[in-house]
Structure formats: structure tokens, C-alpha cells
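From first to last, the protein sequence lines stand for chains H and A. Under this note's numbering, residues 140 to 494 are what the first sequence spells out, in order. Under this note's numbering, residues 140 to 494 are what the second sequence spells out, in order.
In case anyone wonders, no lab produced these hints; they're calculated from the structure. The beta carbon of each residue, even a glycine, is placed where N, CA and C say it ideally should be.
Example chain A residues on the side facing chain H (calculated, C-beta under 10 Å, incomplete): (1) L194; (2) G203; (3) K238; (4) Q247.
2 protein chains.
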Amino acid sequence: MAVTIYDIAEVLETSRSTVSRALRNDSKIALATRKRVKKQALEMGYRPNLLARALVNGKTQTIGFLTGSVILEVTSATMAKLGDIAREGGYGVHMADTKGELDLTVKQAHELIARGVDGLIIRGCFPEATVEQLQTELDFSVPTVFIGGVRMPLPCQQVYYDQAIGVKQAVDSLYELGHRQIHMFFMPWKGWEKETRFSGFYEAMAERGLDGGREGLYEFPPGHLDEDGHRFFDIDVCFSRTKKFLKSHPDCTAILCSDDKLALLVLSHLVHMGVRVPEDISVVGFDGMAATAYSLPPLSTVVLPIGEMVHTAFDLLMDSMKNNNNQPKEVVIPSKFLVRRSAEQVRIRKEVTPG
Amino acid sequence: MAVTIYDIAEVLETSRSTVSRALRNDSKIALATRKRVKKQALEMGYRPNLLARALVNGKTQTIGFLTGSVILEVTSATMAKLGDIAREGGYGVHMADTKGELDLTVKQAHELIARGVDGLIIRGCFPEATVEQLQTELDFSVPTVFIGGVRMPLPCQQVYYDQAIGVKQAVDSLYELGHRQIHMFFMPWKGWEKETRFSGFYEAMAERGLDGGREGLYEFPPGHLDEDGHRFFDIDVCFSRTKKFLKSHPDCTAILCSDDKLALLVLSHLVHMGVRVPEDISVVGFDGMAATAYSLPPLSTVVLPIGEMVHTAFDLLMDSMKNNNNQPKEVVIPSKFLVRRSAEQVRIRKEVTPG
DNA sequence: TTGTAAGCGTTATCAC
DNA sequence: GTGATAACGCTTACAA
Numbered sequence: 140m141a142v143t144i145y146d147i148a149e150v151l152e153t154s155r156s157t158v159s160r161a162l163r164n165d166s167k168i169a170l171a172t173r174k175r176v177k178k179q180a181l182e183m184g185y186r187p188n189l190l191a192r193a194l195v196n197g198k199t200q201t202i203g204f205l206t207g208s209v210i211l212e213v214t215s216a217t218m219a220k221l222g223d224i225a226r227e228g229g230y231g232v233h234m235a236d237t238k239g240e241l242d243l244t245v246k247q248a249h250e251l252i253a254r255g256v257d258g259l260i261i262r263g264c265f266p267e268a269t270v271e272q273l274q275t276e277l278d279f280s281v282p283t284v285f286i287g288g289v290r291m292p293l294p295c296q297q298v299y300y301d302q303a304i305g306v307k308q309a310v311d312s313l314y315e316l317g318h319r320q321i322h323m324f325f326m327p328w329k330g331w332e333k334e335t336r337f338s339g340f341y342e343a344m345a346e347r348g349l350d351g352g353r354e355g356l357y358e359f360p361p362g363h364l365d366e367d368g369h370r371f372f373d374i375d376v377c378f379s380r381t382k383k384f385l386k387s388h389p390d391c392t393a394i395l396c397s398d399d400k401l402a403l404l405v406l407s408h409l410v411h412m413g414v415r416v417p418e419d420i421s422v423v424g425f426d427g428m429a430a431t432a433y434s435l436p437p438l439s440t441v442v443l444p445i446g447e448m449v450h451t452a453f454d455l456l457m458d459s460m461k462n463n464n465n466q467p468k469e470v471v472i473p474s475k476f477l478v479r480r481s482a483e484q485v486r487i488r489k490e491v492t493p494g
Numbered sequence: 140m141a142v143t144i145y146d147i148a149e150v151l152e153t154s155r156s157t158v159s160r161a162l163r164n165d166s167k168i169a170l171a172t173r174k175r176v177k178k179q180a181l182e183m184g185y186r187p188n189l190l191a192r193a194l195v196n197g198k199t200q201t202i203g204f205l206t207g208s209v210i211l212e213v214t215s216a217t218m219a220k221l222g223d224i225a226r227e228g229g230y231g232v233h234m235a236d237t238k239g240e241l242d243l244t245v246k247q248a249h250e251l252i253a254r255g256v257d258g259l260i261i262r263g264c265f266p267e268a269t270v271e272q273l274q275t276e277l278d279f280s281v282p283t284v285f286i287g288g289v290r291m292p293l294p295c296q297q298v299y300y301d302q303a304i305g306v307k308q309a310v311d312s313l314y315e316l317g318h319r320q321i322h323m324f325f326m327p328w329k330g331w332e333k334e335t336r337f338s339g340f341y342e343a344m345a346e347r348g349l350d351g352g353r354e355g356l357y358e359f360p361p362g363h364l365d366e367d368g369h370r371f372f373d374i375d376v377c378f379s380r381t382k383k384f385l386k387s388h389p390d391c392t393a394i395l396c397s398d399d400k401l402a403l404l405v406l407s408h409l410v411h412m413g414v415r416v417p418e419d420i421s422v423v424g425f426d427g428m429a430a431t432a433y434s435l436p437p438l439s440t441v442v443l444p445i446g447e448m449v450h451t452a453f454d455l456l457m458d459s460m461k462n463n464n465n466q467p468k469e470v471v472i473p474s475k476f477l478v479r480r481s482a483e484q485v486r487i488r489k490e491v492t493p494g
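Could you put the whole structure together from the sequences, leaning on the hints where they help?
Structure follows, in C-alpha cells:
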């Protein structure tokens with residue numbers, strides 16, 4: 140069996156308390172003793188039993204991370220970052236997939252709490268849940284902070300992206316490049332925070348006096364999920380949808396996509412149709428997926444600063460764990476437009492501008 | 140504070156042991172009592188403290204998952220699957236990123252063990268570590284199973300992919316489609332299990348009497364990692380590399396890529412150069428990434444059956460946790476070639492075959 | 001069928 | 001400075 144402080148105490152012919160204190164560098168213990176104990180502990184390969192420790196002081200140095208579909212890149216990037224940050228802070232991460240469903244989220248949260256997490260970070264929005272539902276269901280007994288792409292409409296600790304701002308920047312940037320006929324492509328999949336992405340588009344277009352209400356939106360079929368949660372698109376349908384769009388909007392010079400996957404899809408379809416990007420049409424994505432960096436052309440996209448969000452959320456959580464309060468607090472993280480090669484000056488303007 | 144069995148016992152004017160047993164449905168307890176206790180527990184919102192339970196019976200119902208770069212799709216898919224399977228089995232998952240480095244792996248493993256995981260699943264190979272190093276470093280005190288793409292050269296519980304078999308299938312399939320000039324593209328990045336992928340290629344080519352030794356291999360620059368572990372490619376270099384290849388290998392009709400990312404990259408570059416896939420050149424990937432399903436054309440690829448691997452690994456782990464033994468055991472999971480549109484009969488043959 | 005009491009490995013509160 | 005001793009919340013012989 141594993142070595143315990145008791146074993147060490149026995150060998151050293153001292154008491155458990157002394158060993159315990161010495162190992163934690165208690166200044167009350169003589170320096171010599173501390174040294175002796177630590178040496179012995181090392182020799183015997185002692186490793187503290189964090190469970191026992193947790194039982195007495197009520198802290199496990201573990202946080203729980205609840206998230207919908209781990210396989211999504213934004214999710215796994217978040218998780219990776221959280222793992223790193225938590226580790227630096229001496230915390231472990233217990234993760235659980237919620238499939239983005241409220242009841243599973245609640246269930247898993249209770250699981251994790253029972254397992255003794257000190258705090259909870261929950262990622263995902265629950266679009267079909269009512270505020271009342273959230274209020275009652277999500278009444279957790281440990282400090283909790285929500286993260287995601289939309290504001291949760293209830294008093295809680297949360298950090299979320301301002302998704303609109305990046306879209307606005309994108310529209311502004313396109314405008315300055317001479318674009319006037321700008322459209323937004325989207326796939327209305329479940330749990331997707333579309334409204335905030337749309338609203339940025341609406342606003343920015345309106346500000347410029349451009350046509351960008353609902354008419355500026357162009358919908359794609361969302362495909363379907365396989366049993367592992369991977370989303371598959373019906374590329375033939377999407378292809379013809381893009382084709383149709385081009386026919387019906389011959390004057391469109393720029394396309395904003397509601398997410399990078401769609402943007403990459405559309406990009407490849409355009410290229411196949413002989414439409415040059417960005418010479419003929421500029422394309423912009425949303426999310427900041429890694430793959431946008433090496434598409435051809437590399438995709439301009441609105442990036443969600445995941446690291447910043449995770450940092451903020453973790454700090455918030457640490458804080459409320461320390462003070463054991465869970466007072467409502469909100470932090471907004473701005474998204475930002477990242478310029479790459481897929482967006483360019485419109486041709487018309489190019490021809491007008493002399494070399 | 141949280142409700143404990145003691146609180147319930149007090150209210151019911153009975154003993155803690157009765158409550159404890161009743162809650163766990165011990166047949167020794169009168170059915171009426173059980174009912175009464177459970178009802179009371181429910182009413183008081185009792186939730187068992189798994190930590191306390193763990194302290195006494197030495198089991199936390201938690202497993203640890205160690206893995207390199209969480210952000211990779213294969214990794215996150217593995218994690219997602221593991222989370223689901225574990226939950227079904229009543230287990231939680233404590234995850235930690237190892238960056239694919241041996242010392243961090245060891246460190247994290249000890250962390251997790253201290254936190255009380257009942258077992259460990261470790262993903263990742265350690266190409267630069269010697270067998271001796273692994274032997275000494277990886278001497279864990281809890282049941283452990285390794286998973287990954289290569290066989291660990293030491294006695295342990297492991298399940299790994301037979302990566303060669305899928306490559307062979309791919310080559311066979313291409314051969315049957317009339318391809319003779321088949322080449323393999325690869326990026327030699329750290330920790331990548333290239334040899335097994337290569338060996339499948341070598342063997343299959345040799346079996347068919349085709350030129351497929353080292354000369355059949357064509358190397359791409361591996362790009363670089365950002366601080367988050369995302370890999371970025373220098374697309375311009377890759378592009379010109381592909382171009383150069385086409386010039387120097389005008390008779391090549393099929394390209395096998397060592398991973399899907401590379402395949403998708405090459406695919407887009409070929410399309411941009413006006414090379415039609417699959418009409419002019421067939422392309423095959425490796426991994427089974429989701430994105431291969433909706434590239435244009437959808438990519439034929441060698442898929443790694445992640446679900447199968449995780450299932451196997453979990454079962455193995457459960458087994459050795461139950462019997463508390465850690466006897467060496469190996470399971471091999473075959474990869475398999477998945478046919479999609481990116482590979483097709485060679486043109487020559489097409490012309491010969493009458494309509 | 002139920003209750004008593006010991007113990008899991010640690011920390012914390014007292015005395016000494 | 002150090003050592004008993006009582007928690008922490010639960011399980012499990014052993015008694016009753």
C-alpha cells in the first residue's frame with residue numbers, strides 16, 4: 140500500500156502531526172525536523188493522499204469543466220487552455236460532456252460536485268431553456284462561472300464573447316475595401332449563438348447605410364450530426380445552394396460566414412466554380428479555427444480569443460472559491476477581426492485606381 | 140453545509156450505518172426502512188460525498204486521462220468518447236495535457252494518482268524516450284493502459300492501431316483502380332508515428348511489384364506550432380512543393396498523404412493549380428478527420444476507429460481495476476480504408492474502357 | 001434487521 | 001516545538 144504520514148512518523152519515532160506540519164513547511168516546526176521529515180518522505184516515496192486532505196479541509200484543488208461537444212475545435216481549445224491554466228494554479232480538471240443539453244448539464248454538475256470539485260466552469264448556452272428553468276435548475280452549491288458566446292439571461296458569474304464587435308469590424312473593413320454588396324451566410328444549427336453574430340452584421344450594415352437586414356442573410360442547411368457529435372454537411376446541397384446564390388446575386392462582392400467551417404466549405408465551392416477568392420469575391424469566416432490559416436487563400440476571420448476567456452473565467456472562479464461567494468458578475472471578451480488574404484479590395488475599385 | 144448520512148439518521152432517529160446501507164440498497168435492511176431512508180434523503184437533498192466514500196474503500200470511480208495536445212481532432216474525439224463511455228460505466232474522467240512529453244506525462248500521472256484516480260489511460264507515444272527510460276519512469280501504482288498509434292516497446296497494457304493495414308488497403312484499392320505511380324506525401328513532425336504508416340506503404344507497394352521504397356516518399360515541411368499547440372503550415376512553401384512534385388513526377392496518378400490535414404492542404408493546392416481530383420490525380424488521406432467528409436471532393440482516407448479503441452481500452456482498464464492487476468496485454472485495432480470520391484480509376488484506364 | 005465502533009489519511013485544536 | 005486527540009463523511013466488521 141501507499142506510504143502515509145503515519146509510516147513516516149513511525150520510522151522517525153515522532154508524531155503524525157509533526158510529520159504533517161513539517162511536510163507543509165509549517166514555521167512552528169524546527170527547521171532541522173522539517174528537513175529530516177522531508178528527506179524521509181522522499182526516501183519512502185511518500186505522496187500525500189489528496190482525498191484525505193480534501194475530506195478534512197473541504198478543498199480538492201480540482202475544478203469541474205462542463206461543456207457541450209468536446210470534439211468541436213473551440214471546445215477542445217478551451218479545454219486545453221483550461222487544463223494548462225488550472226495546472227499552473229495547482230488545480231486539476233475534471234471534465235464532462237453535456238451534449239449541450241440542460242438536463243445532462245445539471246446531472247453532470249451534480250456528479251462533479253459529489254466528486255468534490257471546488258468550482259465549476261460551464262460552457263454552452265441553453266437556447267431553448269427558459270430563464271425560470273435555468274434559475275431553478277442551475278442552483279449549484281459550488282462557485283460556478285459560465286462561459287460561452289452569449290450572455291446568460293440570469294444573475295450568475297459569466298464571461299462571454301462580444302461576437303458582434305468582430306463582425307462589425309469585418310463589415311467595416313470590407314466597406315473600406317470598397318465592398319457594398321455584402322451578404323451573410325449561415326447555418327441555423329441547434330444551440331448556435333446566431334443572433335449576436337447577426338446583430339453585429341445588421342448594425343454595421345445599417346450604420347453604413349447598406350442593405351443588410353434579414354434580406355442580407357442567406358441560409359444553408361445545417362447538415363446532421365453523427366453519433367459521435369461530428370457535424371456533416373450535405374456538400375452537394377451546399378454546393379448548389381452557393382451556385383444558386385451567385386446566380387441570384389451577381390453583384391455580391393463579399394460573403395461573411397457565420398462560422399469558419401461554413402466559410403471553408405463555401406471557399407472550396409467557389410474555387411471549384413471558377414470564382415476567384417478574393418479577386419472576384421471576398422470571403423470572411425468566424426471563430427478563428429486553425430484551419431483558416433492554411434486554406435487557399437488563408438481566410439480572414441473573426442477570432443474568439445479563447446485564451447483570454449479561459450483566463451478570465453479561471454480568475455473569476457478562483458476568486459469566488461477563495462471568498463466562497465458566488466455573486467453575479469459579468470465580463471465581456473471582444474472578438475476581433477483578423478485580416479488574411481481572403482478579403483481584398485473589390486475589383487471595380489481596383490480598375491478605377493491607377494497603378 | 141451539505142447534508143450527510145448523519146443528518147438523515149438523526150431525523151429518522153436511527154443509526155448512520157442503517158442509513159448508509161439503506162441508501163445503497165443493502166438487502167439486509169428491511170424494505171420499509173430502505174424506503175423511508177431514501178425518501179428522507181431525497182427530501183433533504185442528500186448527495187453522497189464520494190470523497191469520503193473513496194477514502195474508506197479506496198475507489199473514487201474516477202479515471203485519469205493523459206494525452207498530448209488536446210486540440211488535435213483525434214485527441215478530442217478520443218476524449219469525448221472516453222467521457223461518454225466512462226459515464227455510462229459510472230466513472231468520471233480527470234484529464235490532463237502532457238504536451239506529448241515524457242516528463243510532463245510522469246508528473247501529471249503522479250498528480251492524478253494523488254488525486255485518487257482508480258486507473259489511468261495514457262495516450263501518446265514517446266519516440267525519443269528509450270525503453271529503459273519508459274520502464275523506470277512509467278512505473279505507476281494504478282492500473283494503466285496506453286493507447287495510441289504505435290506499439291509501446293515495453294510490457295504494459297496497451298491498445299494501439301494497426302496503421303499499416305489501412306494504408307495497404309488504400310494501396311490495394313488504388314492498384315485495382317489502375318494506379319501504378321503512387322506516391323506518399325508526409326510531414327515529419329515530432330511524435331508522429333510515421334514509420335508504421337510508411338511500412339504499410341512499403342509493403343503494399345512491394346507486394347504489387349511497384350516502386351515504393353524511400354523513393355516513393357515525398358517530404359513536406361512540418362510548419363510550426365504556436366503557443367497553443369496549433370500547427371501552422373507555410374502554405375506558400377507547401378504550394379510550391381506540390382508544384383515541384385508535379386513537375387518532377389508527371390506520371391504520378393495517385394497521392395497518399397500521411398495525414399488528413401496534409402491531404403486537405405494538398406487537395407486545395409491541386410485544385411488551385413487546375414489539377415482535377417480525382418480525374419487527374421487521386422488523393423488519399425489518413426486519420427478520418429471530420430473535415431474529410433465535406434471537402435470537395437470528399438476525401439478517401441484511412442480511418443482510425445476511435446470509438447473501438449476507447450472501448451477496448453476502457454474495458455481493459457475496468458478489468459484490471461477490478462482484479463487490481465496490471466498484467467501486460469496488447470490489443471491491436473485495425474485501421475480501415477474509407478472510400479470516397481477523391482480516389483478514382485486512372486484516366487488511361489478510363490479511356491481504354493469503353494462507355 | 002439494526003446499532004456500535006473502528007478506521008480510511010489527513011488537518012486542526014488543544015495541551016504540554 | 002511537539003504530541004495526543006478529535007474531527008471530515010462514509011463503510012464495514014462485529015454485536016445485539
